[in-house]
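A.B. asks: Use the sequences and the hints to build the structure in full.
Listed here are the chains, written in short residue letters.
Protein chains: 4
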Amino acid sequence: MSVVIQFSIFPMDKGVSVNPYVARAAKIIRESGFRYELGPMGTCIEGEWEEIIGVVTRCLEDLKKDCDRVYLTLAADHRKDGNGRIQSKVKSVERELRQEGQ
Amino acid sequence: MSVVIQFSIFPMDKGVSVNPYVARAAKIIRESGFRYELGPMGTCIEGEWEEIIGVVTRCLEDLKKDCDRVYLTLAADHRKDGNGRIQSKVKSVERELRQEGQ
Amino acid sequence: MSVVIQFSIFPMDKGVSVNPYVARAAKIIRESGFRYELGPMGTCIEGEWEEIIGVVTRCLEDLKKDCDRVYLTLAADHRKDGNGRIQSKVKSVERELRQEGQ
Amino acid sequence: MSVVIQFSIFPMDKGVSVNPYVARAAKIIRESGFRYELGPMGTCIEGEWEEIIGVVTRCLEDLKKDCDRVYLTLAADHRKDGNGRIQSKVKSVERELRQEGQ
Chain A
3 MSVVIQFSIF PMDKGVSVNP YVARAAKIIR ESGFRYELGP MGTCIEGEWE
53 EIIGVVTRCL EDLKKDCDRV YLTLAADHRK DGNGRIQSKV KSVERELRQE
103 GQ
Chain B
3 MSVVIQFSIF PMDKGVSVNP YVARAAKIIR ESGFRYELGP MGTCIEGEWE
53 EIIGVVTRCL EDLKKDCDRV YLTLAADHRK DGNGRIQSKV KSVERELRQE
103 GQ
Chain C
3 MSVVIQFSIF PMDKGVSVNP YVARAAKIIR ESGFRYELGP MGTCIEGEWE
53 EIIGVVTRCL EDLKKDCDRV YLTLAADHRK DGNGRIQSKV KSVERELRQE
103 GQ
Chain D
3 MSVVIQFSIF PMDKGVSVNP YVARAAKIIR ESGFRYELGP MGTCIEGEWE
53 EIIGVVTRCL EDLKKDCDRV YLTLAADHRK DGNGRIQSKV KSVERELRQE
103 GQ
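Residue numbers (this note's numbering), protein chains in the order written: chain A, 3 to 104; chain B, 3 to 104; chain C, 3 to 104; chain D, 3 to 104.
Hints in this document: simulated from the structure, not taken from any laboratory.
All values derive from a computational prediction rather than experimental measurement.
Hints are not guaranteed to be accurate.
[As the list claims (entries may be wrong)] Some residues of chain B that are not near chain A, with every Cβ distance over 10 Å (derived):
| no. | residue |
| --- | --- |
| 1 | 19 |
| 2 | 21 |
| 3 | 30 |
| 4 | 35 |
| 5 | 37 |
| 6 | 64 |
| 7 | 85 |
| 8 | 90 |
| 9 | 97 |
[Claimed, not checked] Derived, one-sided and incomplete: chain C residues facing chain A with beta-carbon distance under 7 Å:
| no. | residue |
| --- | --- |
| 10 | 15 |
| 11 | 17 |
| 12 | 18 |
| 13 | 70 |
| 14 | 71 |
Just so it is clear, CB atoms sit at the ideal spot from N, CA and C, and this is done for glycine as well.
C.D. replies: Right, dumping it as structure tokens:
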């Protein structure tokens, strides 16, 4: 069993630069101990659903402290089998690209 | 405090027609007792974050029973104040549209 | 052939209340003449992909005029057959719910 | 001016393993010449909106050829200023994490 989520969170009431808030969320994710990968538009986390959602909830709780409006998007891909998919999903696409011969 | 989510869930391994699965999720949402609204691309639910996520989790648990791959997307809009936003958000946009004089 | 999108757009640099901007986008969508439905977390539009994306592009162009940062999410469901799905998708789920006998 | 999108596309009628289809989209993105980054849950692309959407459209056109139902999600972050954000967004969060002293 494996869930990979892509997760994005930011305040809507703090102006153009939301970096410090994104970093606070990233810190919570890193400290969770789950496999994760920072990306330009969000962070991927792999684990059990209930645990990952616990991390997402902690991020929201943290931003709520000083943000009046917080927006959050999440996409989850759940598979019965598989593990380490946060790496393998990208690798298998890259492999297919190479097999194309270019 | 108010969270409105837009939530979409479907199996990836059941072919073109995923309606029975979407209906199973809709039934779980309806039975949750939360304010909700079915839409063409997902369902909106309003409530407390932890409770809403509990509903989402039950939907995922249900589909996992007989689906090998489940995809789920969620967007959440959290505001410090406000309630009944599942109705008021649309109404306030409609009001602005009318004030445009057309 | 039918594409239904769910589309959401708002500025990130205008504080908590983004309603006037959402209404500007809604006005552009309404004037496009496509089947659409306002929802609490976004607007659904049905049509041909290239045309719908033209509407989305006009919304972005409009908000860019006075917003320094704009966030936009979009989910699209493309089916080879089908039409009028913006209504039928919800109706078929409601029908399944009724058949459940509750 | 800079738009970064996160983009995900897959067929809903091809069973659990959608890798060959994702790879076809990735190939189209690579050949577009835009800055891009493959991730576990989607691909980020940076460029001008109209051009990026052209790439997304080509991916959809390609999958439509042999898929009866295609699902696509997209999030876009548009900023008036900035360039090379596909790298800098992650780097600035990593920098903030390091400054936390851990």
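A.B. asks: For every hint, state whether the structure bears it out.
C.D. replies: Verification of the supplied hints:
no., hint, in the structure
1, 19, "20 Å, holds"
2, 21, "19 Å, holds"
3, 30, "15 Å, holds"
4, 35, "20 Å, holds"
5, 37, "19 Å, holds"
6, 64, "12 Å, holds"
7, 85, "15 Å, holds"
8, 90, "15 Å, holds"
9, 97, "20 Å, holds"
10, 15, "5 Å, holds"
11, 17, "5 Å, holds"
12, 18, "5 Å, holds"
13, 70, "5 Å, holds"
14, 71, "5 Å, holds"
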